[in-house]
Amino acid sequence: MARKLPKVDVVIIGVGWAGGIIASELTKKGLKVVGLERGKERKTEDYFMVHDELRYALRYGMMQDLSKETITFRSTEKFRALPMRQYGSFLIGDGLGGSGVHWNGQTFRFLPYDFQIRSQTVEKYGKNKIPPGMTIQDWGITYDELEPYYDTFEKMAGISGEENPLAGKRSSKYPTPPLKKTKAMELFTDAAKRLKLHPYVQPAANLSESYTNPDGISRAACQYCGFCERFGCEYGAKGDPVVTVLPVALKTGNFEIRTHSNVRRILKTGNKATGVLYTDVTTGEEIEQPADIVVLTGFVFNNVRLLLLSGLGTPYNASTGTGSVGKNYAYQVRKGNAVGFFDKKKFNSFAGAGALGMILDDYNGDNFDHSNLNFIHGGMIILGQTGQRPIQNNVAPKGTPTWGKEFKQASLKYANSSFTVGGEGSSMAFQHHYLDLDPTYKDAYGDPLIRITFDFEDQDRNMAKFLAKQCSVIMKEMGADHVDYMQELGPYDVSTYQSTHNTGGVIMGDDPKTSAVNNYLQMWDVDNLFVVGASAFPQNAGYNPTGTVGALSYRAAEGILKYHDKGGQVV
Amino acid sequence: MAEENKGNPESLSRRKFLRNTGFTVGGLAVGGVLGSLLPRKKEEKVAPAVKAENFNQALMYFTPEQFQLTEAATERIFPEEESGPGAKALGVAFFIDHQLAGDWGFNAREYMQAPFFKGEKVQGYQGRLRRRDIFDIGLRELQNHSMTVHKKKFTELKEEEQDAILRDFEEDKVNLTTISPSGFFQMLRSATLEGAYSDPLYGGNRNMDGWKMRNYPGSQMAYTDIIDKDFKKINPQSLKNHLNH
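Taken in order, these protein sequences are the chains called A and B.
Residues 207 to 777, numbered by my numbering, are exactly what the first sequence covers, in order.
Residues 106 to 350, numbered by my numbering, are exactly what the second sequence covers, in order.
One should not assume that every hint holds.
[What the hints assert, rightly or not] Keeping only pairs whose Cα atoms sit at most 25 Å apart, straight-line, the calculated DSS-like set for lysine-lysine is:
no.	chain 1	residue 1	chain 2	residue 2
1	B	338	A	387
2	A	619	A	550
3	A	611	B	317
4	B	337	A	551
5	A	611	B	193
6	A	619	B	258
7	B	263	A	611
8	B	226	A	604
9	B	345	A	249
10	A	399	B	334
11	B	223	B	278
12	B	334	A	551
13	B	278	A	604
14	B	258	B	193
15	A	682	B	334
16	A	389	B	317
17	B	338	A	611
18	A	213	A	234
19	B	334	A	552
20	B	193	A	387
21	B	337	A	619
22	B	338	A	619
23	B	317	A	551
24	B	226	A	648
25	A	386	B	334
26	A	671	B	223
27	B	258	A	611
28	B	334	A	550
29	A	552	B	337
30	B	223	A	284
31	B	337	A	550
32	A	386	B	338
33	A	386	B	337
34	A	648	B	193
35	B	338	A	550
36	B	223	A	274
37	A	604	A	284
38	A	284	B	226
39	A	619	B	278
40	A	387	A	234
Think of the hints as simulated: they come from the structure by calculation, not from any bench.
The shape of chain A in the complex, shown without the other chains (with noise of 0.2 Å):
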């Protein structure tokens, strides 16, 4: 039997960032909040040493322990799912603050097309621009509804940037100014203005200047030491969730942190909620919290693995496309890029920040006519600048052989001579790309693991092209001496690193016959349970996806107040 403890108002499982601006808001207005943290607890103090690629960038030092728990992965419903038994595709994150401790900081919001695709698309292109299969849904928000909780998170944060000619309308400007350009982003922007191209340097959670927010956190400036991704920053420069919101819920008195806690089951009374039971993986105990409101604020697949593993709403079927718990799986397609190499220059590219950048939206979103091209949407273009580690970063033109003498004097040639640019492509969602709990293989704990079933599309292939080509056009004209860009997307492969954008699974929408959660992410079903996170997005836009996880979080936050005060569904 577990041991059961007194109830609270409300209990949040998982404390990265949705969990940690949820609990911030909350218990500023009174509420008495737990929230449970599987992984350690973090503090700043924790990366004296973090300047260490092989233990943070080779060997996953902040990921989630593949042994105790992974995914298991197949292409289509033709294949066994086997179990993704070392890190690839994408890193999942784990301990106090999440994935939103070993982020770069590049922070977008969405396009308003991104938020009514399917209306916008089917109104200029006809409704056979859409072809079959392709599920992708409008939000149930849009851009303009959505804007007050983005511009919310960026001050909370203090994210640096300048205004994208191409984005929707800012209600204020970005707090902080943008970070200081490279020689290689002088080089990008330079080219781009001559292509006719509209870029900008990149929105971004690494501080330009020293900060106090609007709940007087005060934070230092970036260093640009090159250490970011997959790393914790020691300065604090970079917005994390232990560095800003959760002291802010600390300091009411009002929220319990439990970390090396794991939730295991969402306790349920008919369509209530209950509380939540969890093992203490210190000491092996069960335990049941009870609460008022259940907000899940895990990572896209726990989101959707609590629920089914607790009988919570309706699992999806891929073979009607009825239910809706583990629908509209989506990702990013990161590989339409180009690398250029320079013979005669060299930068400082050992240097940088995890959101230094330059972007342009020239090709992303329907800001390009699409009415003969054989996709829709598309991505941001991208030239970073996060510091180029020496054992991930090796690259020679192509033909140079991989090992050898050759090898080594063209990967040393290029060290600080070669930059990507690279398209950031959207992910459309497809009735045969879910989530749900695999057969066979189990946790640590003997709980069904999930499983993805996901594949690229025509959409996917085409849009890459595309992109790598015009990567190809900018690059050459940065005055590259020598250009490679991705002739072809292949197959969709989890043993390979791609990005950490995994989205939809519990999404959000104005129908409950169609999405899991309403536009406060409160579940259709469940009145008392909020589900927050990328599981939200109905398909993935052309972006890095947190700026838009943390204004749906401040958004459901609301959505919470709400419902503590008056019941019933909140729209």
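Fit chain B to the known structure of chain A by using the hints.
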């Protein structure tokens, strides 16, 4: 360390960094790491160089024969040439030995539960063997293949002959039932790069020579002064530098 930094004007020690940049908000150092960086005591003078023995250079896992094979094979993957030392001089074989002795060698943080099935290529590694088992088998088979083709040990072959043997593994031209020859080769290749370029604390990248060859500055506190400037050569620092400041 103090002496070393004098000859290394571009490197910012943490202490110097704090002093120079006034890295504070409202007069207070922000963030835990910074607080713990403020010097607690006067710097001790380091005794003039008595060249210390490197006690790290002993074997945790390999037999001497495995070590020699690894040293010879990795040297072909990352050979010494005009620009600088190769895998052998960088200590790559020691690095791999030490890694196999720990978590990585045991696949400790990877999902190794049954059942095992041969998967599609896009599903990644699906074997039941751990990296140390794969190295045991791979190195033994490297030797066997060398004996079969040349009637000589791998370490006794000429460089071109060693390359051809390795290429047979890379291209799956060796018939093995237990492991994938190309999978072993790729593991050896990536471990070689890790050994050449990881922080010297792991036993490779000796004297930071891997970093020096490619003008990589290692672990620096800040690049704020050069981030928007033309390329600048900076003498590297390792994590050891941080502990002493």
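Please flag the earlier hints that this structure goes against, numbers listed from lowest up.
6, 20, 26, 34, 37, 39 and 40
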